[in-house]
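Trainee: If you want the building blocks of each chain, they are given just below.
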Amino acid sequence: MPDKPPSLWASITAAGTPAGHLYGAGATVGLAGLARASSLGGRLEELRGRSVLLTVSDPLRAALAMLELDGVAARIVLCPADLSPEHLPSVARKAAADACVEDAGAAAAAPAGIGTRVGVDPQLSGEARRVCSCTTEWVLLTSGTTGVPKLVRHDLATLTHALTDTRPGPDSIVWATFYDIRRYGGLQIFLRAVHLGSLVLAAPGEAVPAFLARARAAGVTHISGTPSHWRKVLMSGSAATIAPRYVRLSGEIADQAVLDALRASYPQAVVAHAFASTEAGVAFEVRDGRAGFPASFIDSPGARVRLTVVDETLRVRAGGNAHGYLGDDAVAFQQGPDGSIDTGDRVEERAGRYYFLGRQGGVINVGGLKVYPEEIEAVLNAHPWVRMSLVRARSSPITGAIVIADVVLAEETSGAARPEPEILTRDLIHSCRQSLAAYKVPASIRIVPRLRCVASSLREAVAAWVSASPGGLRRTATA
Amino acid sequence: MSIRSTITSQFKQVAIEQERKLATLTDDRKLIDCGLDSLSFAILVARLEDSLGVDPFSSGNVSEYPVSFGDFIRLYEGFAR
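First to last, the protein sequences are chains A and B.
The numbering used here puts the first sequence at residues 1 to 479.
The numbering used here puts the second sequence at residues 1001 to 1081.
Treat each hint with caution, since some may be false.
What the hints assert, rightly or not - Not the full set, but computed from the structure, chain A residues with beta-carbon under 8 Å of chain B:
(1) R231
(2) M235
(3) Q256
(4) R394
(5) Q434
(6) L436
(7) A438
If you are wondering where the hints come from, they were derived from the structure by calculation, not from laboratory data.
Predicted, not measured: the structure shown is a model, and the values here were computed from it.
We treat Cβ as the ideally placed atom computed from N, Cα and C, and that holds for glycine.
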């Protein structure tokens, strides 16, 4: 890829009119059609130079809008399908959004003050004049400590850094992905697919057998998802619906069991697991069928992506690194003196191979979704009978991890008798359900007499003492 | 309590907690059709590890993932032997 591709549309048409398709659950659109017509009802020019919130619920519509907006909008803010409506105003404010592309199923209406609202329709219409006038900033959302998303700044050059080949080859490639293409992992697959062939998009909540049947009908050759998605496929009884040439896992630690099971189910396929993060970009892909990654990846001279391990944590320096966070969070961007991004993923070397140990600072990865314990502890601590709490991960062979919690209760006073433990834990779970996404609700809550303060590493302990921030020290329960 | 009844009881308990509608659990019932989502299964497997003392999925010896409720029971029965 050149350092600054002119626009996504120009990039995918550099080798000629694209022959691929975008397969949604309700409609299919040929990419060639976008050369002549638009999904934006003739209103593309209204979005030129604007900061555009993309809030559509339908992934096919989102894909079409992304193809049209790069090189036109000054900024595109990709709002994933599961973005909580309460966070949309803060996202819009941080992004200085002044336009919105939406559809009827959008989870949240665009905040007041955004006057330009454009619909997107897979029935292409009107004429399309594809004039690139700027390098569009692509903004992706990632979880923040308090649940409010952080906005990560990319552009087409950083997002396509991992694409070493952008011209379609002689063999037709049909990608399918379980991911939401508005999150980093899914966006990577979208960008590969529109350059090299076609893409089958999963609808939110679509059942695995139905999605695999659509993927098969489209002639899927390459398919990607998290290890959790793949375990779901393996337990669905419908894995044999497809016979892909390439199976990719990313977003969570891929264990040997899921790699072996995929190898057995798809003996003809390359089964690869990849590491990427929204901030660091794509770091590497492992194709040898084994969990972890070769130690030779670290400090490899001349590598396109420079990987280092500092304080047991993986760092990445590459052209795919994000430019930073947008708005108030800009100072929180974790970049080392050499420009590398601290991924926050802890690794350990054993016999010439690195293995992932989990996230630094207690961050929990549930099925590819990041959970900050502090957000859940804040909900638990708001309960009148909770004095303090500790939220932590319990490892899971199904979703990588689940969330569990320990709480210390407040002392009884003469004026109030403490409810029974079963009633309290039920009440706490109910409170969590009211204010948190399902994957953040603790699977179990244990009432303990005290929490003992420990730190998972000396560095964390020092950092916590220095910052003296509440919750900076991770605590361990004493049963 | 037998392994089967422990597993059945935990399916019901997790379904209630996660507010999922559980289908009738026959041996040929596909897990994907039983009403539980991935998160529910993750919780179920953790609970079964607590109550039965085994987690076949983390053992490193699962060659095939269970597809039906009967497969799921047999997986645990095989590890408990």
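Trainee: Give a verdict on every hint.
Mentor: To see whether the hints hold, each was checked on the structure:
1. R231: Holds: closest Cβ of chain B sits about 6 Å from A:R231, inside 8 Å.
2. M235: Hint on A:M235: holds, closest Cβ of chain B at ~5 Å, below 8 Å.
3. Q256: A:Q256 check passes; min Cβ-Cβ to chain B is 7 Å, inside 8 Å.
4. R394: It holds, given that the least Cβ distance between A:R394 and chain B is near 6 Å, below 8 Å.
5. Q434: Since chain B brings no Cβ nearer than about 13 Å to A:Q434, farther than 8 Å, the hint is violated.
6. L436: violated, 12 Å
7. A438: holds, 6 Å
The earlier numbered hints that this structure contradicts are 5, 6.
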